[in-house]
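*Asks:* Read off the chains here:
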Amino acid sequence: MRKQAAAFILALLLLPPLAGCAPAQAQEELFAMDTVMSLTAYGAAGETGLEAAKAEIRRLDSLLSVSGGASEIRRVNEAGGGTVSEETAALLERAAAISRACGGAFDVTVGPVVDVWGFYGDEQRVPSADELAAALALVGPDKLTLAGTEVRFAAAGVRLDLGGVAKGYAAGRAAEALKAAGVASAIMTLGGNVRTVGLKPDGSRWKVGIADPAAPQAMAGVLTTGENAVVTSGGYQRYFDEDGVRYHHIIDPATGYPAASGILSATVVTADDVLADALSTALFVLGEEQAGALWRSMGGFEMILIAEGGRIIVTGGLADDFSPADGYTVEVLS
Amino acid sequence: MKTKRITASAVLAAAALIIFAVEAQLPPLVPIPGIKLGLANVITVFALYYLGAPAAAAILAVRIVLGSVLLGQVGAMLYSAAGGLLAFAVSALLKRAFPPERLWVVSVFGAMAHNVGQMAAAVAVTATPALLWYLPALLISGIVTGAFTGLCAQFVYRRIGLKKM
Amino acid sequence: MKTRGWLLLFTAVAALCLLFYVFAPKTGGSVVGIYQDGALVRTIDLAAVGESYELVLERNGSTNTILVEKNAIRVVAADCPDQVCVEHGELRDGASPIVCLPNRVVIKYLRDTDGVDAKAGSAG
Numbered sequence: 008m009r010k011q012a013a014a015f016i017l018a019l020l021l022l023p024p025l026a027g028c029a030p031a032q033a034q035e036e037l038f039a040m041d042t043v044m045s046l047t048a049y050g051a052a053g054e055t056g057l058e059a060a061k062a063e064i065r066r067l068d069s070l071l072s073v074s075g076g077a078s079e080i081r082r083v084n085e086a087g088g089g090t091v092s093e094e095t096a097a098l099l100e101r102a103a104a105i106s107r108a109c110g111g112a113f114d115v116t117v118g119p120v121v122d123v124w125g126f127y128g129d130e131q132r133v134p135s136a137d138e139l140a141a142a143l144a145l146v147g148p149d150k151l152t153l154a155g156t157e158v159r160f161a162a163a164g165v166r167l168d169l170g171g172v173a174k175g176y177a178a179g180r181a182a183e184a185l186k187a188a189g190v191a192s193a194i195m196t197l198g199g200n201v202r203t204v205g206l207k208p209d210g211s212r213w214k215v216g217i218a219d220p221a222a223p224q225a226m227a228g229v230l231t232t233g234e235n236a237v238v239t240s241g242g243y244q245r246y247f248d249e250d251g252v253r254y255h256h257i258i259d260p261a262t263g264y265p266a267a268s269g270i271l272s273a274t275v276v277t278a279d280d281v282l283a284d285a286l287s288t289a290l291f292v293l294g295e296e297q298a299g300a301l302w303r304s305m306g307g308f309e310m311i312l313i314a315e316g317g318r319i320i321v322t323g324g325l326a327d328d329f330s331p332a333d334g335y336t337v338e339v340l341s
Numbered sequence: 288m289k290t291k292r293i294t295a296s297a298v299l300a301a302a303a304l305i306i307f308a309v310e311a312q313l314p315p316l317v318p319i320p321g322i323k324l325g326l327a328n329v330i331t332v333f334a335l336y337y338l339g340a341p342a343a344a345a346i347l348a349v350r351i352v353l354g355s356v357l358l359g360q361v362g363a364m365l366y367s368a369a370g371g372l373l374a375f376a377v378s379a380l381l382k383r384a385f386p387p388e389r390l391w392v393v394s395v396f397g398a399m400a401h402n403v404g405q406m407a408a409a410v411a412v413t414a415t416p417a418l419l420w421y422l423p424a425l426l427i428s429g430i431v432t433g434a435f436t437g438l439c440a441q442f443v444y445r446r447i448g449l450k451k452m
Numbered sequence: 029m030k031t032r033g034w035l036l037l038f039t040a041v042a043a044l045c046l047l048f049y050v051f052a053p054k055t056g057g058s059v060v061g062i063y064q065d066g067a068l069v070r071t072i073d074l075a076a077v078g079e080s081y082e083l084v085l086e087r088n089g090s091t092n093t094i095l096v097e098k099n100a101i102r103v104v105a106a107d108c109p110d111q112v113c114v115e116h117g118e119l120r121d122g123a124s125p126i127v128c129l130p131n132r133v134v135i136k137y138l139r140d141t142d143g144v145d146a147k148a149g150s151a152g
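Chains as they are written, first to last, in the working numbering: chain A, 8 to 341; chain B, 288 to 452; chain C, 29 to 152.
Everything labelled a hint here was simulated from the structure, so no lab data went into it. The reader is advised that the hints may include incorrect statements.
Per label pair, the in silico range of CB-to-CB distance [what the hints assert, rightly or not]:
1) Glu-388/B x Leu-44/C: 23 to 33 Å
2) Val-443/B x Ala-278/A: 50 to 60 Å
3) Gly-307/A x Leu-358/B: 33 to 43 Å
4) Ser-330/A x Gln-312/B: 22 to 32 Å
5) Ala-278/A x Ile-447/B: 51 to 61 Å
A few chain C positions that, by computed beta-carbon distances, are all more than 12 Å from chain B [unchecked claim]:
6) Gln-64
7) Ser-80
8) Gly-89
9) Leu-95
10) Val-96
11) Ala-100
12) Val-104
13) Ala-105
14) Val-114
15) His-116
16) Leu-129
Chain B is faced by these chain C residues, among others (derived, beta-carbon under 8 Å) [said to hold, decoys possible]:
17) Cys-45
18) Phe-48
19) Tyr-49
20) Gly-117
Note that CB positions come from ideal geometry on N, CA and C, so glycine has one too.
If we strip away everything but chain A, and leave its shape as in the complex, we get (with noise of 0.2 Å):
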């Protein structure tokens, strides 16, 4: 009985490289896109899946950053114009329009004004008047041109800057990227973009945590969710002060300065990740009111608006997937 059990334990043993180690869960952190981002997927195709999400994400920083050698948003920048791939060409047409629809607060045209900021490099400084002028002479939707995969300038300097879109879309492509892999339910965070992808492995909805502007180490309030794209942009993400001015990088394409319209932070949910990323940053600069007429005109989206004084406009359809945090109260936008 003895050598038999012990032939037998031994023989199981051998089992486990058979079956393939299968972690429940698959977590990676990675640097690109100027960020943090974090990357967590569940179940037995876990790691392949991030394996292939990493690759996508490194692949569409290279392709649309503003200063990657491979980029071709950087060539087209240098070149004054030029030819792009199909998938660019349909990225910028895609932010043309939303750009069109939110009545030019989002722009891919801004990058001569972020560049005069210094929001390019390490040091970032208040613009002369003249310098300003002069770039928000180059930003504008009618500055950009697109016939197919030729993107033409109308003006010598004028900049594409695909940093409102780059991470959503990327996401969008990182949670395509999960499921092809077989990967069934995973939530990635990409700098201030969360993307979702199924549910949770237990089926519950997933748990994002709004950041508190005043304090971004804490939370605002809790938002629950499903598989959507949940982008949040705010001043507070990235600014400078100087002689005691705070000034963010979330510039108004019609000011050439910061937005300075009240919002705090402005946080879209939708599954559409384009969407989501660029609106994320219009709203902030529209401001409550617009933001809200622009939610009854286009729709498609929900957003949670944090304005100053502790209020969160909230619209309808989150009404009851959000619970503020104390010292906060939430108006429902209908």
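Using the hints provided, position chains B and C relative to the given structure of chain A.
*Replies:* Coordinates of chains B and C only, in the frame set by chain A:
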């Protein structure tokens, strides 16, 4: 005689696997990692008295390995194995000192040893001694669950007969 | 020993274990991980820290000085231009790590994040 033992071992191993798999479907009683009913141990401790140490060891090994593989938690197998090993060693040793009427006592010590073994593996692998904070809770859990499963095993043993195979 | 004897013994042990929790200081979940360039470089159990010490991480000539104290960790000095990591102060919850983008440093709790699966709107 031998066939009977092998058959009994197989049946018990299958029973242990089923109990293990079913218990795994239940939501955790308490949000502390490592605390569970451990109902499959009813089989282990019963087999220890009914079939002897080697057979019980084989049944336990089957339950740990196949259980982890079937549930897709191969990563957790290391901790189960560490706990199971220590539990079995302690139980087998104590069995000599305790007659079947005190089967439940052996089960309690076994359960406590299981949790200690599992904790030791977890601390070693994750290099976080902070986990030891949970040890007293795991010991209480071991006493309670060990007594419960031990009584079940004792009950079964009394029913099936004190005749050792 | 009779059954009752064993019952009493085990009850006593269980009671002792319970007492441990009544008198022990609350910690649970005080392990932090320090990542650089996406790789975990240090794991520290903040509750087990005796004397406070400083940790210096370097990347391409740029440094972050991290102060590790009992139950607290924060970045006290950094070469990076935005100083977001220094301004973050002490690490509070798992969903908001201390991040230094230029030096690719991330410090976070290796435990549950206050019931939240992710946080939208992190600084950066």
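*Asks:* Does Gly-117/C pass the interface check with chain B, least Cβ-Cβ distance below 8 Å?
*Replies:* 23 Å, violated
*Asks:* Close enough to count: is the Cβ of Phe-48/C nearer than 8 Å to one in chain B?
*Replies:* Hint on Phe-48/C: holds, closest Cβ of chain B at ~4 Å, below 8 Å.
*Asks:* Since His-116/C was said not to touch the interface, does its Cβ keep a gap of more than 12 Å from each Cβ of chain B?
*Replies:* Given a closest Cβ separation of 23 Å, the condition holds.
*Asks:* Is it correct that the beta-carbon of Leu-129/C has no partner in chain B closer than or equal to 12 Å?
*Replies:* 28 Å, holds
*Asks:* Is it the case that Ala-105/C keeps its Cβ farther than 12 Å from each residue Cβ in chain B?
*Replies:* Correct as stated: the minimum Cβ-Cβ distance to chain B is 28 Å, above 12 Å.
*Asks:* Since Val-96/C was said not to touch the interface, does its Cβ keep a gap of more than 12 Å from each Cβ of chain B?
*Replies:* 15 Å, holds
*Asks:* Is it the case that Leu-95/C keeps its Cβ farther than 12 Å from each residue Cβ in chain B?
*Replies:* 20 Å, holds
*Asks:* When you look at the beta carbon of Ala-100/C, is every beta carbon of chain B farther off than 12 Å?
*Replies:* 15 Å, holds
*Asks:* Would the non-interface assignment of Gln-64/C survive a Cβ cutoff of 12 Å against chain B?
*Replies:* The assertion about Gln-64/C holds, with a minimum of 18 Å to chain B.
*Asks:* How does the Cβ-Cβ distance of Glu-388/B and Leu-44/C compare with 23 to 33 Å: does it lie in that range?
*Replies:* For Leu-44/C against Glu-388/B, whose Cβ atoms are near 27 Å apart, the range 23 to 33 Å holds.
*Asks:* Is the nearest CB of chain B more than 12 Å from the CB of Val-104/C?
*Replies:* 24 Å, holds
*Asks:* In this structure, is the beta-carbon distance linking Ser-330/A and Gln-312/B contained in 22 to 32 Å?
*Replies:* 30 Å, holds
Going through the hint list in order, the structure does not satisfy hint 20, though it satisfies all others.
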